[in-house]
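**Q** Chains as they are written, first to last, in the working numbering: chain A, 1 to 303; chain B, 1001 to 1320; chain C, 2001 to 2352.
By construction, these hints were calculated from the structure, which means they are not laboratory data. Among the clues, some could well be false.
[Stated by the list, open to error] Have a look at the derived ranges for each label pair, beta carbon to beta carbon:
{"hint": "1", "chain 1": "A", "residue 1": "Ala43", "chain 2": "B", "residue 2": "Tyr1210", "range": "24 to 32 Å"}
{"hint": "2", "chain 1": "B", "residue 1": "Ala1119", "chain 2": "C", "residue 2": "Gln2086", "range": "52 to 60 Å"}
{"hint": "3", "chain 1": "B", "residue 1": "Gln1072", "chain 2": "C", "residue 2": "Ser2083", "range": "20 to 28 Å"}
{"hint": "4", "chain 1": "B", "residue 1": "Phe1142", "chain 2": "C", "residue 2": "Asp2291", "range": "50 to 58 Å"}
{"hint": "5", "chain 1": "C", "residue 1": "Ser2083", "chain 2": "B", "residue 2": "Asp1057", "range": "29 to 37 Å"}
{"hint": "6", "chain 1": "A", "residue 1": "Ile70", "chain 2": "B", "residue 2": "Ala1154", "range": "52 to 60 Å"}
{"hint": "7", "chain 1": "C", "residue 1": "Gly2129", "chain 2": "B", "residue 2": "Glu1071", "range": "16 to 24 Å"}
{"hint": "8", "chain 1": "A", "residue 1": "Ile44", "chain 2": "C", "residue 2": "Asn2150", "range": "34 to 42 Å"}
{"hint": "9", "chain 1": "C", "residue 1": "Arg2138", "chain 2": "B", "residue 2": "Phe1142", "range": "28 to 36 Å"}
{"hint": "10", "chain 1": "C", "residue 1": "Glu2243", "chain 2": "A", "residue 2": "Ile44", "range": "47 to 55 Å"}
{"hint": "11", "chain 1": "B", "residue 1": "Phe1142", "chain 2": "C", "residue 2": "Thr2286", "range": "53 to 61 Å"}
[Said to hold, decoys possible] Computed list of chain A residues with no C-beta within reach of chain B, every gap over 10 Å:
{"hint": "12", "residue": "Asp16"}
{"hint": "13", "residue": "Ala19"}
{"hint": "14", "residue": "Phe69"}
{"hint": "15", "residue": "Lys85"}
{"hint": "16", "residue": "Gly100"}
{"hint": "17", "residue": "Asp183"}
{"hint": "18", "residue": "Ile188"}
{"hint": "19", "residue": "Pro189"}
{"hint": "20", "residue": "Ala214"}
{"hint": "21", "residue": "Ser217"}
{"hint": "22", "residue": "Ile223"}
{"hint": "23", "residue": "Asp250"}
{"hint": "24", "residue": "Ser252"}
Think of the CB as a built atom: it goes at the ideal place given N, C-alpha and C, for glycine as much as any other residue.
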Amino acid sequence: MSATTDLHAIAMRPRDESARRARGRRRHLVDQAVRLFCLIATAIGVFFLASILVTLIWRGAPAIDLTVFITDFRPTTYGEPDAEKGGLLHAILGSFVQAGMGVAVGTPIGILVGTYLSEYARQTALGNAVRFVSDVLLSAPSILVGLFIYQLVVLPMGGFSGIAGGLALSIIVIPVVVRTTEDMLTLIPNTLREAVVALGAPKWKMITLVAYRAALSGMVTGILLAFARIAGETAPLLLTSFGNNVVTWDMSKAMASLPVTIYQQANSGFPDLIQIAWAGALMITTGVLLVNIIARTLLRKRI
Amino acid sequence: MKSSAIAPARRSSGSFGDIVFEWLCRGAGVFVLLLLGGIIVTLFIGGLPAFRQFGLDFLTSTRWDPVEGREQFGGAVAIVGTVMSSILAIILAVPVAFGIAFFLTELAPPWLRRPMGTAIELLAAVPSIIFGMWGLFVLVPFIQRNIQLPFGDALGTLPLVGFLFQSTNFAGTSIFAASLVLAIMILPFIAATMRDVFEQVPPVYKESAYGLGATRWEVMGGVVIPYTRISVVGGIMLGLGRALGETMAVTFVIGNANRIATSFFDPTTTIASVIAMEFPESLAGGLQQSSLFALGFLLFLISFIVLASSRYLLRPRLKG
Amino acid sequence: MNRRSLLALSAALPMLPSTGFAQSATITGAGATFPRPLYERWAQAVREQLGIALNYQSIGSGGGINQITARTVDFGATDAPLSTAQLTERRLMQFPSVLGSVVLSANLPGVADNALRLTPEIIVEIFMGRVARWNDPRLVEMNRDIRLPNLPVSPCYRADGSGTTWVFTTYLSRVSEAWRTGPGAGTAISWPAGNGARGNEGVSNIIRNTPGAIGYIENAYAVVNRMTTTQIRNKSGRFLAPEMPAFLAAAAAADWTVPNFAADTIDLADPAAWPITSPTYILLPTDPPADKVAASRNTMRFFDWAFRNGGDMARRLEYIALPSVAHDMIRAAWARQVRDPSGAAVWTGSAA
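Bound conformation, chain A alone (with noise of 0.2 Å):
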């Protein structure tokens, strides 16, 4: 291995004291730069972070008040100084009930995808398709799903939506909960597998009755993960569900949702919605972080 070869150099080299010193100090000060290097490019990704953050408050939080939680959709109070301030609950009301659905249709699809690759098809060439295929699904541009939804929802329904932005968003429910899924399950050693399945219980039983459980907490924390990355998702919904200014249950119609609702009072144009749009804003990434930061809690408490 060069590597080896490499070593077997350095430490082959001539005992010439003052050029063994000399390189010495040139290896120890490679080593401190790099160190260095590697320092900055972990505080540059700090910064960022930090700075979107920072960035989010300092604009979001002075919106951020009950109003915005409880009222839906006003139009601008310009000009008309006594006109009711408007909130964001249509947009709420309406992620949280797509990403719902989004949830609820594309998580049982998804354990049970997840399910076959780990107990009937870890090594097969149709399980490694379903595999490949889950993962190009997981990192696929999201925009074309909505594409597709246009076209197999959306239009032959006539109009947009919550149905159409749900089944978008349960297309990239998935792939996530499949990865989780297969990742905790083959987890499980075999022996508990065996153990089962020596007591006479038949597989079906084996895998829901006790293999779920083992895997439980993993398979929430997927949950919780696909639950939050839907939640932000933009592009797909723009094509789908698009928006409503109304607080609605009526998923047969368009529906708004908090990222689309963000990206069109941002563009509106009349400051008091674009602070609005910022409130939101922050309000999704403080969400979305939160459930990452539990989901990832969970992950590792079970490791």
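For this one, chain A is given, so just place chains B and C on it according to the hints.
**A** The following block gives chains B and C in isolation, referenced to the frame of chain A:
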């Protein structure tokens, strides 16, 4: 659960359930395959009118004219913009990601590793529209005021590379801004993949190197990287795959001009941006909408190739 | 979550916040983004006064045309008028709701609001990318009383499809043959030069942050955000500042008797008229089926109320109300053109 510790399991009680459950799982797996197939087919059929109308010119023409009566659509600018901005993002992100991964695996004191690692992972969780807004309101003015206006003219006079900095666009929204935002977005993915593979190097290799007197950097460069280089490339390609499809973050800061960028500070566009911008206005069944589907299909093709390569490179290797 | 709690939750759903419109009539519209703030303001008032709730989706003029053609909404909204042939083919009638103006805003340090003077020819040159610096002799020539800085000229435009672009490019095509045969007019075109941005906010951000930038934006937006605007020379040779009297003059000088109310308000000869003004239109089906007759009538009642009582609201949001003679013509067109399945007119007057 009927059981008997002595008698062998009776197959009849659960075999029906077993068959049903297995087919359920397999059916779900096949469904996922069909889903991907469905997406590809839908994009292709949607784009067919455009492909038929423009043929291969669609890939090479830079003319994107939606004006009624003389519609002509060529995807060259969007395709080049997508690839260029993503590659630039990779160039910016990889060294920093490497630095982070090295820091997290070798240099950081143990009490710092978990919080730092979490902080980097949280960067991956931030929704892309937030990156877009931050990019537009914070990064773009910064680039414009602190880089382009003071140094742009001076950089433009450099021999050989000067043209890369010459631009008539002083708005700050440019391919450079987009690449920078993309780089920040894919940084955590690449860093996490690198860290994971670095941690998989058997400690005995590293320890023998240390035993011979190697510095940390020499262990990194001489042992860890050669051992993991294929997986590292796989991780980089994963980041590339994500950068190619990013929509909201890029749309806000790239300048949205249908011209190929010859300078860092030039505005241009990407496939995802064009679709996000023009799809809502396009008439259903019209040539413009079809062209957008065609672009979507091409984007999928490019992403698919990159993601497939990444997965191939990242597959678990037999240690030996 | 076990089955019992799931059932309990679903039973509780109807008691969660409701739309509040369960008892009132709801109409839906979709289309142009330009008049959205005004429709939303009107919607608020009409909801309180008449009990009619409007849900308006601003998906762009193209989307509005799509949806009303497919009859998935009650009315469509578009900034660019449809031709008679298109209207007949889709069985729609068209009427204007309000007017808006497009203005030019420029970031020139030291130059006051409405001080810069631009002619149509130089505007075309700027957006063609053929004017490099602000102290170009052509610009200095027409602005002898102000000091133009030596900054690069950075034009900016709307990259997302928009009615504002349609209005501005129609104006450019009208005043320049080279522009008409070149980039042309549309809700989205291929711009020869400059930077594109998403929405009003994007364009104004570029202008605000870039010394030397110039872009076109809706007047309402320019006023709300106190942007520095420019004078434009109109067809009669006068330089006009983008202010309400100029806009009202354009609205008054337009001929509203043309078919489908597609009045030409761009580059009018009237000496006091602002050259870049345009109505925004509503599309209504001429043959609503029996179950849609009520919605059709409510849509007309909505706009009737807006015409009678919404003028002040429009003005406070910097839109331009139609002259009342146009309102009367519109009501007559409703009575004439929108018929229910039995052939009777759906619109039966304001009192209904």
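**Q** Was isoleucine 223 of chain A rightly flagged as not at the interface, with every chain B Cβ beyond 10 Å?
**A** The assertion about isoleucine 223 of chain A holds, with a minimum of 15 Å to chain B.
**Q** Taking the beta carbons of isoleucine 70 of chain A and alanine 1154 of chain B, is their distance inside 52 to 60 Å?
**A** Holds, since isoleucine 70 of chain A and alanine 1154 of chain B (Cβ atoms, about 54 Å apart) stay within the stated range.
**Q** Closest CB-CB distance from serine 217 of chain A to chain B, is it above 10 Å?
**A** holds, 18 Å
**Q** Taking the shortest Cβ-to-Cβ distance between alanine 19 of chain A and chain B, state whether it exceeds 10 Å.
**A** Check passes; 16 Å lies beyond 10 Å.
**Q** Quick one: are arginine 2138 of chain C and phenylalanine 1142 of chain B within 28 to 36 Å, going by C-beta?
**A** Roughly 34 Å apart at Cβ, these two residues keep to the hinted range, so it holds.
**Q** Checking a non-interface call: every C-beta of chain B should be farther than 10 Å from the C-beta of aspartate 183 of chain A. Is that right?
**A** At about 12 Å from chain B, aspartate 183 of chain A clears the 10 Å cut-off, so the statement holds.
**Q** Could you say whether the range 53 to 61 Å given as a hint is met by the Cβ separation of phenylalanine 1142 of chain B and threonine 2286 of chain C?
**A** holds, 55 Å
**Q** If I claimed the Cβ atoms of glutamine 1072 of chain B and serine 2083 of chain C lie 20 to 28 Å apart, would that claim hold in this structure?
**A** holds, 22 Å
**Q** When you look at the beta carbon of lysine 85 of chain A, is every beta carbon of chain B farther off than 10 Å?
**A** holds, 21 Å
**Q** For isoleucine 188 of chain A, is the shortest beta carbon distance to chain B beyond 10 Å?
**A** holds, 16 Å
**Q** Checking a non-interface call: every C-beta of chain B should be farther than 10 Å from the C-beta of aspartate 16 of chain A. Is that right?
**A** For aspartate 16 of chain A, whose nearest Cβ neighbour in chain B is about 16 Å away, the distance exceeds 10 Å, so it holds.
**Q** Can the suggested window of 29 to 37 Å be confirmed for the beta-carbon pair serine 2083 of chain C and aspartate 1057 of chain B?
**A** holds, 30 Å
Hint check: no violations occur; every hint is consistent with the structure.
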